[in-house]
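Asks: Sequence:
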Amino acid sequence: FYSDLPGAPEGFGDALTSAASRFEIHAVMDLVDQYNALFGEPGFDRTGDVAALMSASVNQYMSIADARTLDANGYRQYLNEQAPDPMITNTAIALNGLLSRLCALGLTQQEYLAARNKMLAPLAPEGSGYTVDQLALALETLELEHPIPCSTRTYEAGPESFPAPTGG
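Just so we're aligned, residue 887 is where the sequence shown starts under the working numbering, counting upward by one.
Derived pair list, reagent style SDA-like, types lysine to any residue, alpha-carbon separation capped at 20 Å:
id, residue 1, residue 2
1, Lys1004, Glu927
2, Lys1004, Gln920
3, Lys1004, Arg932
4, Lys1004, Ile979
5, Lys1004, Ala938
6, Lys1004, Asp916
7, Lys1004, Thr1027
Just so you know, these hints were derived from the structure itself, not from any lab.
Starting from the given sequences, assemble the full structure and let the hints guide the process.
Replies: Listed below in structure tokens is the structure:
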């Protein structure tokens, strides 16, 4: 048995290292394919386009709601019921799918949150009026058929609610 995890939570630093053998290769490949489909293949980065679309949608929601910060519940409702452009909703659904696949790898809470935050950071730049955590909560809990079990709310429920690793 090999564990790449530190013995205590304080053993985690900014850089996390994981053993590739911990993860089911096809699940990782599916995650990478889905990430590249949304953000672009290496050399054809579309992160700026995705960030601009999400920023515009959040700003539009905040304007409609007359809000100074992003309310994850209100934004999620806006995405589900009022988003004027299907591209906004489709992008949010794609981001939800990425987070769901990331969760399905069986990461620890620290690993999931670090990976999630790194992926979403360009979509919630400093000074935007919303944080990565607020955006993540809205995306993780989109009212789709299955909410993401790794969402911040799930982790607050305790370790017994953490998802089991899945194979594919």
